[in-house]
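**Student:** So the chains spell out like this:
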Amino acid sequence: AQSVTQPDIHITVSEGASLELRCNYSYGATPYLFWYVQSPGQGLQLLLKYFSGDTLVQGIKGFEAEFKRSQSSFNLRKPSVHWSDAAEYFCAVGPLDSSYKLIFGSGTRLLVRP
Amino acid sequence: GAVVSQHPSRVICKSGTSVKIECRSLDFQATTMFWYRQFPKQSLMLMATSNEGSKATYEQGVEKDKFLINHASLTLSTLTVTSAHPEDSSFYICSASPGQGIHLAKNIQYFGAGTRLSVL
Numbered sequence: 015a016q017s018v019t020q021p022d023i024h025i026t027v028s029e030g031a032s033l034e035l036r037c038n039y040s041y042g043a044t045p046y047l048f049w050y051v052q053s054p055g056q057g058l059q060l061l062l063k064y065f066s067g068d069t070l071v072q073g074i075k076g077f078e079a080e081f082k083r084s085q086s087s088f089n090l091r092k093p094s095v096h097w098s099d100a101a102e103y104f105c106a107v108g109p110l111d112s113s114y115k116l117i118f119g120s121g122t123r124l125l126v127r128p
Numbered sequence: 094g095a096v097v098s099q100h101p102s103r104v105i106c107k108s109g110t111s112v113k114i115e116c117r118s119l120d121f122q123a124t125t126m127f128w129y130r131q132f133p134k135q136s137l138m139l140m141a142t143s144n145e146g147s148k149a150t151y152e153q154g155v156e157k158d159k160f161l162i163n164h165a166s167l168t169l170s171t172l173t174v175t176s177a178h179p180e181d182s183s184f185y186i187c188s189a190s191p192g193q194g195i196h197l198a199k200n201i202q203y204f205g206a207g208t209r210l211s212v213l
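First to last, the sequence lines map onto chains A and B.
Take the position in the first sequence, starting the count at 1, then add 14; the result is the number in my numbering.
Take the position in the second sequence, starting the count at 1, then add 93; the result is the number in my numbering.
By construction, these hints were calculated from the structure, which means they are not laboratory data.
Just so you know, not all the hints are guaranteed correct.
[To be verified] Some chain B residues judged to face chain A by a derived CB distance under 7 Å, without partners named: (1) S136; (2) L137; (3) I186; (4) F204; (5) G205; (6) G207.
Quantities reported herein were computed from a predicted structural model and do not represent experimental measurements.
Glycine included, every Cβ here is placed at the ideal spot set by N, Cα and C.
With the sequences and hints as input, model every part of the structure.
**Tutor:** So, in structure tokens, the structure goes:
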């Protein structure tokens, strides 16, 4: 079955430190891959997406993600975290069918220490 | 671009009443819209896929008579929670996919800000 795993429920980093949020997927082929961010009480904002080609994708707000086929992973990174990055981060996959659905991971809550 | 407006942002209602939530794509046409439910500190659960001009496709376990979806135009989908009860209290989020070509084919969804429903 298709699934998305975000193994870290919470991550705390100091402001200015680097960040990596993990995402693994289980799917028969390489799906479309997304990272979304959700601030408290808000909807989701698309950070970046991967469809094909260059495995390192750049997104908004200084985020990037790297697709590694051998590890079925799509980890999100940021070299220097800002306090405003504190939020919930969701990894999602888009199956290669006609449903156009997104399957979301369980999310990782990022806390930023001053 | 790609702005999705969801209204209301918060609603409190009495048990047994019905509540309508609107989802509008403001600067693009959305053939397909999605409705999600999110419980506290949990991920998004897809409730249904809303297609303009046709019946919605509900996910397994979602009561279609309880959660009525109407997608009457390319920019508006509504979710009506009928005879709401306290267990329906949740955060409901809609999303919309631009209706053509690369966006629809590649699952890009733009999300509304969500509606917090509290049923007393």
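**Student:** Under 7 Å is the threshold here; is the Cβ of F204 of chain B close enough to any Cβ of chain A for the hint to stand?
**Tutor:** At 4 Å from the nearest chain A Cβ, F204 of chain B passes the 7 Å test, so the hint holds.
**Student:** Restraint: L137 of chain B near chain A, CB-CB cut 7 Å. Satisfied or not?
**Tutor:** holds, 5 Å
**Student:** With chain A as the partner, please determine if G207 of chain B meets the hint condition of a C-beta pair closer than 7 Å.
**Tutor:** holds, 5 Å
**Student:** Can the hint on S136 of chain B be confirmed by a CB-to-CB distance to chain A that is less than 7 Å?
**Tutor:** Result: holds, 5 Å to nearest chain A Cβ.
**Student:** Should the interface hint for I186 of chain B be scored as holding, given a Cβ-Cβ cut-off of 7 Å against chain A?
**Tutor:** Holds, because the Cβ-Cβ distance from I186 of chain B to chain A comes to roughly 5 Å (cut-off 7 Å).
**Student:** Does the CB of G205 of chain B sit less than 7 Å away from some CB of chain A?
**Tutor:** Where the cut-off is 7 Å and the nearest Cβ of chain A is about 5 Å from G205 of chain B, the hint holds.
Checked against the numbered hints given earlier, the structure satisfies every one of them.
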